[in-house]
Amino acid sequence: MINRYQTSFMNNIWSDKFKISMWKSLQSFLVEEYENLNGIPNITSQQINNIDITQDEISEEEKKTNHELLAFLNVLNSKVNGEGKKYIHRGLTSSDLLDTAFSYQIRCSLSHIEEKINILCFILKNKIEEYQNTLMLGRTHGMTAEPITFGSFLASYYAEWMRHAKTIDQTIDYISYGKLSGPVGNYSIANEQIEARVLNRFNLKPEIIGTQVIPRDRYAKVFLDLALFGSSIERFATNIRLLSQSAIGEVSENFGTLQQGSSAMPHKKNPIASENLCGISRLLKSYAISALDNVALWNERDISHSSVERVIGPDAFHLIEYSLNKMINLVKYLNVNVKNMKQNMEDSNNIFYSHILLNHLTEMSHDRDTAYRMIQTLSSDCLNKEIDLLDLIKEKTDYQPDINIFLDGNKKLITKVLNNVR
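Mind the numbering: the sequence shown is residues 1 to 422 in this note's numbering, read in order.
Since the hints were derived computationally from the structure, they do not count as laboratory data.
Certain hints may be false.
[To be verified] Taking lysine-lysine pairs in the DSS-like style, the calculated list, with each CA pair at most 27 Å apart, reads:
hint: 1; residue 1: K166; residue 2: K326
hint: 2; residue 1: K63; residue 2: K79
hint: 3; residue 1: K342; residue 2: K411
hint: 4; residue 1: K85; residue 2: K205
hint: 5; residue 1: K63; residue 2: K85
hint: 6; residue 1: K166; residue 2: K205
hint: 7; residue 1: K79; residue 2: K166
hint: 8; residue 1: K268; residue 2: K326
hint: 9; residue 1: K339; residue 2: K268
hint: 10; residue 1: K125; residue 2: K268
hint: 11; residue 1: K416; residue 2: K116
hint: 12; residue 1: K24; residue 2: K79
hint: 13; residue 1: K17; residue 2: K85
On a predicted model such as this, the values are computed, not experimentally measured, just so you know.
Generate coordinates for the entire structure from the input sequences, incorporating the hints supplied.
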């Protein structure tokens, strides 16, 4: 991942140092279990815990082996001794270490992302409560619809991210599997009880039935979720961009004192954070396709998935944390122009009452189609002649709707969302 989008937490989890420490720990715990099983002092397992193995050492050895995991094992074997040394990698194959470490990296990363989602939901909830009475135009197809409140606008995203908070719990469980079952997963030498005890130290469970690898549908689900999170970020960012347009001006991103929006036009305050998030979403969605392609491997395994996962693993998690951090700040410091929201409603000549008036006329024994065409004609006159719809409708009925009908409905909606999202 390029420096621009890296985060410190993901840098640690997806570093070579963390990966090597996982491989070491797996070997140490495996050897310790066999030492205990056979009444041997824990000399070798303790040595494995205490030695240092660097990526440079592994890379140098890999020049000879052309096999990263074997290079690691060769370096490891050269640095330890004792009777327990014979249990290093006992009954295992490369994918046992590679996949178990990959699962654990993903588990740690998802748990961290879950914390970010919870922060986002907390900030959204506070904003909903702050703007629950702030009316604004609702829009469909980019055109004036009925009024909503800015609180109910945000409530849609709050409910969406609360669903994601629930989903990520399920995905963490779905991915929390490792394997130490050997070349084709058949335990020809590997010990099932030892496998379970070692994996438990990482909050992982033994794969129910694998091949030489953990089934890739588990990982595909993770990247599908990350793609969905990206799409939700994009939905919010897209609508912030739309509401930020000069002709609408109802919200704007926070703009720093020394920030500059354009190299040519000093007046510009572009929604760059939102645009950035929309772009990153495209990457997150593309990684899901690669993860899906990894599911269908040859027979018990091939290595075609490996190069893909080396890229999409760290990249996707860097990008989703970067995006969530940016979205959290975008929501927290969003400028809401209540004055423009009110002005845009006033400039609409009250055409947003058309649905209310249609239903009123229908209830007053008008044929619905006749009433519809009547309101449609009057609304067209409002747009073309800049006449208020409520002034025109006076010729047909004395009924004058109250704006509170929209405010009350949106309050009920917000209450329902806040009470039922879980």
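We went through each hint and held it up to the structure:
1. K166 with K326: Since the Cα atoms of K166 and K326 sit roughly 21 Å apart, the hinted pair holds (cutoff 27 Å).
2. K63 with K79: Distance of about 19 Å is within 27 Å: holds.
3. K342 with K411: holds (18 Å)
4. K85 with K205: holds (26 Å)
5. K63 with K85: Distance ~24 Å between K63 and K85 Cα, so the pair holds.
6. K166 with K205: Given that 27 Å is the threshold and the Cα spacing comes to 21 Å, the pair holds.
7. K79 with K166: With a Cα-Cα distance of about 45 Å, the restraint between K79 and K166 is violated, given a limit of 27 Å.
8. K268 with K326: holds (21 Å)
9. K339 with K268: Holds. K339 to K268 sits at ~20 Å (cutoff 27 Å).
10. K125 with K268: Violated: K125 and K268 sit about 31 Å apart, past 27 Å.
11. K416 with K116: With a Cα-Cα distance of about 24 Å, the restraint between K416 and K116 holds, given a limit of 27 Å.
12. K24 with K79: Status holds; Cα separation ~12 Å.
13. K17 with K85: This hinted pair holds, its Cα atoms lying about 23 Å apart.
Checked against the numbered hints above, the structure violates hints 7 and 10; every other hint is satisfied.
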